[in-house]
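Undergrad: My request is simple: use the sequences and hints to build the entire structure.
Protein chains: 2
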Amino acid sequence: MNGDKRKAVVLLSGGLDSTTVLAIARHEGYETHALSFRYGQRHTEELVAAEKVAAALGAARHVVVDINLAVFGGSALTDDTLAVPHHDSADQISTDEIPITYVPARNTVFLSFALAWAETLGSSDVFIGVNALDYSGYPDCRPEYIEAYERMANLATKAGVEGKQRLKIHTPLIELTKAQTIQRGLELGVDYSWTHSCYDPVDGRACQTCDSCLLRSRGFAELGLVDPSFSSTSSANI
Amino acid sequence: MNGDKRKAVVLLSGGLDSTTVLAIARHEGYETHALSFRYGQRHTEELVAAEKVAAALGAARHVVVDINLAVFGGSALTDDTLAVPHHDSADQISTDEIPITYVPARNTVFLSFALAWAETLGSSDVFIGVNALDYSGYPDCRPEYIEAYERMANLATKAGVEGKQRLKIHTPLIELTKAQTIQRGLELGVDYSWTHSCYDPVDGRACQTCDSCLLRSRGFAELGLVDPSFSSTSSANI
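Sequence lines, in order, name chains A and B. Residue numbers for the first sequence follow the numbering used here, beginning at 1 and rising by one. Residue numbers for the second sequence follow the numbering used here, beginning at 1 and rising by one.
Hints listed in this document are in silico derivations from the structure and should not be mistaken for laboratory results. A quick note: this is a predicted structure, and the numbers were derived from the prediction, not measured. Yeah, the Cβ is synthetic: ideal placement off N, Cα and C, and Gly gets one too. One thing to keep in mind: the hints can contain errors.
[To be verified] Here's a subset of chain B near chain A, in silico, CB distances under 10 Å, partners left out:
| # | residue |
| --- | --- |
| 1 | ILE67 |
| 2 | SER112 |
| 3 | PHE113 |
| 4 | GLU119 |
| 5 | ARG151 |
TA: Printed below as a string of structure tokens:
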């Protein structure tokens with residue numbers, strides 16, 4: 001079954017972007033292998049979402065790797081002593097400085113595991129939902145970073161060195177606005193109520209005021225829609 | 001205490017090479033932060049050795065990170081269904097092909113964690129004991145790989161982007177033969193009986209016939225010495 005399909009490893013956090021990327025990889029005809037991480041994040045709602053998304057979008061396999069980035073400290077996403085910032089609207093989010101929710105070297109670590117799995121699968125395709133437009137100031141979401149990673153990866157692996165399997169890191173969202181991402185996902189049948197993006201959920205529900213909630217909410221608003229993760233508290237707007 | 005020393009993250013497997021590197025970093029005046037991994041390897045003797053080495057060489061901190069590369073399969077070092085190759089002498093080891101003991105993307109994964117810790121510590125120095133001469137055919141031990149990694153890392157991090165902290169990956173052994181590495185370590189006071197390099201230990205002792213045992217044994221022999229990890233069974237040669 002699916003034996004002649006090309007395999008791809010897709011980094012899947014369970015959020016809006018990576019879910020859209022999984023739908024795109026599937027639409028492009030890949031047999032998808034979804035990869036998530038339990039990395040010391042303060043909440044696990046996104047892993048529950050990732051499992052739901054992987055099943056709904058027909059991933060051939062979904063692996064959750066345990067790594068503990070919290071052992072190093074330094075980010076509000078993994079360190080309980082640092083507070084996640086909250087704002088009233090997305091316009092208040094500074095993109096000039098790197099936010100406290102940045103996890104040191106996170107995409108570098110995640111891509112390294114994707115590379116290991118791709119090599120084992122005999123796959124030359126890794127998908128990641130980074131975005132250079134509303135990337136919230138994370139350095140490891142920029143195109144020049146991805147290009148440098150790809151170059152390094154092709155020197156790192158057995159297959160790359162033997163020239164048999166040139167690794168490509170696919171970043172289908174890199175030039176899209178949040179609204180364009182959502183539109184693409186909706187065209188491909190994504191139901192965004194499966195997803196979870198909030199940095200700081202309250203009783204398992206999106207807080208609506210962290211940077212991640214505000215950016216996705218604004219994306220839906222630009223399409224005249226309400227973010228389904230807010231819908232039960234915003235039903236008047238539907 | 002040590003407040004004005006520059007900090008370095010040193011990848012420490014507990015083997016001969018990484019132990020020598022830790023001694024070199026210390027000799028160069030760094031406050032050393034030793035990083036080891038429990039990565040699904042078939043035996044844990046090397047982690048016991050790493051702990052001993054970190055203490056003996058005065059590391060400020062030693063962290064062992066749990067990651068499970070075995071979930072992806074594909075290497076004799078993490079997969080019980082694949083056999084570690086054994087030979088009678090180091091001359092029989094092929095360097096033309098990449099051996100089955102290669103773990104997919106291992107150094108890429110390890111360096112990524114080192115990068116995360118370095119960023120959190122405010123360190124711009126990572127040490128790794130790769131070697132381009134008797135590197136046993138691993139692609140991620142070559143200088144061009146290390147250079148590409150360094151370039152990528154400087155695009156990945158907050159400090160790299162802000163230009164405050166340019167990451168340097170130090171590879172003090174890259175041009176050394178095994179014998180030269182051992183000589184350097186001995187000059188710096190390393191006792192190699194602390195270390196463990198064997199891929200396939202029997203009852204916690206070096207097998208003397210895997211590639212790793214044979215390469216280090218030949219290094220000691222070139223200096224007219226007996227590898228202390230073999231000494232109890234080779235005492236006639238001391």
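Undergrad: Would you pick out the hints that fail for this structure and give their numbers low to high?
TA: none
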